[in-house]
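Participant: Each chain, written out:
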Amino acid sequence: MAEATHHEGHHSNTVHLLRREITVEGGIYTVVFAALAVLTVIEVLSAEFLKGAIHDIPSAAATLQAIKAIILLGIAIIKSSLVIWFYMHLREEKPLIAIVILLPLLIATQSIMYLLAIPPLGYSV
Amino acid sequence: MAELTANQLHAVAHDDHGHLSEEEQNDNLKLGVWLYLASEIVIFSIMIVGYIILRINEPAVVEQAHEQLGVGLVTANTFVLLASSYFMVMGLRAMQQGNRAGMLRWIGATALGGAVFLIGQYIEYSELAHLGIILGYTESQWSTLGMRFYAPTFFHGAHVFVGVIWALEVLRRGAKGRYDHNPIGIEMFGLYWHFVDVVWIMLFTLIYLV
Chain A
1279 MAEATHHEGH HSNTVHLLRR EITVEGGIYT VVFAALAVLT VIEVLSAEFL KGAIHDIPSA
1339 AATLQAIKAI ILLGIAIIKS SLVIWFYMHL REEKPLIAIV ILLPLLIATQ SIMYLLAIPP
1399 LGYSV
Chain B
382 MAELTANQLH AVAHDDHGHL SEEEQNDNLK LGVWLYLASE IVIFSIMIVG YIILRINEPA
442 VVEQAHEQLG VGLVTANTFV LLASSYFMVM GLRAMQQGNR AGMLRWIGAT ALGGAVFLIG
502 QYIEYSELAH LGIILGYTES QWSTLGMRFY APTFFHGAHV FVGVIWALEV LRRGAKGRYD
562 HNPIGIEMFG LYWHFVDVVW IMLFTLIYLV
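Same order as they appear, the protein sequences are chains A and B. Going by our numbering, the first residue of the first sequence is number 1279, and it counts up by one from there. Going by our numbering, the first residue of the second sequence is number 382, and it counts up by one from there.
A couple of the hints might just be wrong.
To list a few chain A residues with every Cβ distance to chain B over 12 Å, as calculated [what the hints assert, rightly or not]:
(1) Thr1292
(2) Arg1297
(3) Ile1335
(4) Ser1337
(5) Lys1346
Below, a sample of chain B positions facing chain A; criterion: calculated Cβ distance under 8 Å [claimed, not checked]:
(6) Ala539
(7) Val543
(8) Ile582
Here's a subset of chain B near chain A, in silico, CB distances under 7 Å, partners left out [stated by the list, open to error]:
(9) Glu448
(10) Leu450
(11) Met471
(12) Phe535
(13) Val579
By construction, these hints were calculated from the structure, which means they are not laboratory data. Glycine is no exception: its CB is placed at the ideal position from the N, C-alpha and C atoms.
Please work from the sequences and hints to get the whole structure.
Facilitator: Written out as structure tokens, the structure is:
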């Protein structure tokens, strides 16, 4: 999406964003914060809009609910990745750090999938 | 110039007594924090999956709670936490540029953001209690929601509280010039604080919006 000029790293106030050079106090950190704010507004507005649609079209409620979950979780994952990549400086760390954080995420995701597969009252025999 | 061999590089990194260099110590400290955060991911995941199972099995209860609570307060609180994360990284940036006064201002703003978030959460919990959504068992339709909702959000709030205390300690040490030559203490706190922000990004979406 955006990157700070290489020669000054994350201390630069100049950021290359969509082939444009932007100078702003705080550089890449300010751009990321603006992106997080805009994404949050989009997220809340999408949730409210889709909630209204689900209410108005009950026949398509299940489909709309699934679409809503996918859109909102997608935005949340983008926001989380921005924080981890830029604010937590994962982009500057050794690959070992990425493994340290991805491994429990993988295990947690697998465990969640397993737990979601169990019916609420157990399997009927 | 000849390239350094692995042994020579090793010798550069250590002093005569075999002690780790400052850079190596910093890397080890950061790795320690990342490993701690990895364990936190697993703990929060367990709580989140408990909520997701309730969300799937009892959608009417969750939707009714959404209707009654609204998203205004929690959205404002989310912006406060996002802003505090920005203040945090700007504080680290200021210290890395040798600007101690700037660092103190930004980290002070971070602590304030965390405190405001906790006040917002207290107001929200008061509203929920008024609606009858409590932690203990009730005869109402909320009986299944309370624990699934409070476990992840309160656990997260406890992390914010610890973060505020940690920020105040960073301020105390920073004011004495502790980080003037090596800001690793601020960086470690930053990793923790940003992680708390990431967890909230996911909780906000999963619990309040989906």
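Participant: Next, verify each hint and record whether it holds.
Facilitator: Against the structure, the hints:
Every C-beta of chain B lies more than 12 Å from that of Thr1292(A), the closest at about 14 Å, which supports listing it as non-interface. Annotated as non-interface, Arg1297(A) keeps its C-beta farther than 12 Å from every C-beta of chain B; the closest such distance is 25 Å. Once the 12 Å rule is applied to beta carbons, Ile1335(A) is consistent with being away from chain B; the minimum gap is 15 Å. For Ser1337(A), the non-interface assignment is confirmed: its Cβ lies about 16 Å from the closest Cβ of chain B, beyond the 12 Å cut-off.
With a closest Cβ-Cβ approach of about 7 Å to chain B, Lys1346(A) is found to fall inside the 12 Å limit, against its non-interface label. The closest approach between the C-beta of Ala539(B) and any C-beta of chain A is roughly 20 Å, which is over the 8 Å cut-off, so the hint fails. The restraint placing Val543(B) at the interface with chain A is violated, with a minimum CB-CB distance near 18 Å, outside the 8 Å limit. Contact between Ile582(B) and chain A, as hinted, is supported at the beta carbon level, the nearest pair being about 5 Å apart and thus within 8 Å.
The interface hint given for Glu448(B) is violated, since its Cβ lies 9 Å from the closest Cβ of chain A, which is over the 7 Å cut-off. With a cut of 7 Å, the hint placing Leu450(B) at the interface with chain A is violated, because the nearest CB-to-CB distance is about 13 Å. Given the 7 Å rule on beta carbons, the hint for Met471(B) holds: about 6 Å separates it from the nearest Cβ of chain A. Of the supplied interface hints, the one on Phe535(B) is violated, with its beta-carbon coming no nearer than about 20 Å to a beta-carbon of chain A, more than 7 Å.
Given hint, Val579(B) at the interface with chain A, holds; its Cβ is 5 Å from that chain's nearest Cβ, closer than 7 Å.
Taken one by one, the earlier hints fail for this structure at numbers 5, 6, 7, 9, 10 and 12, listed in ascending order.
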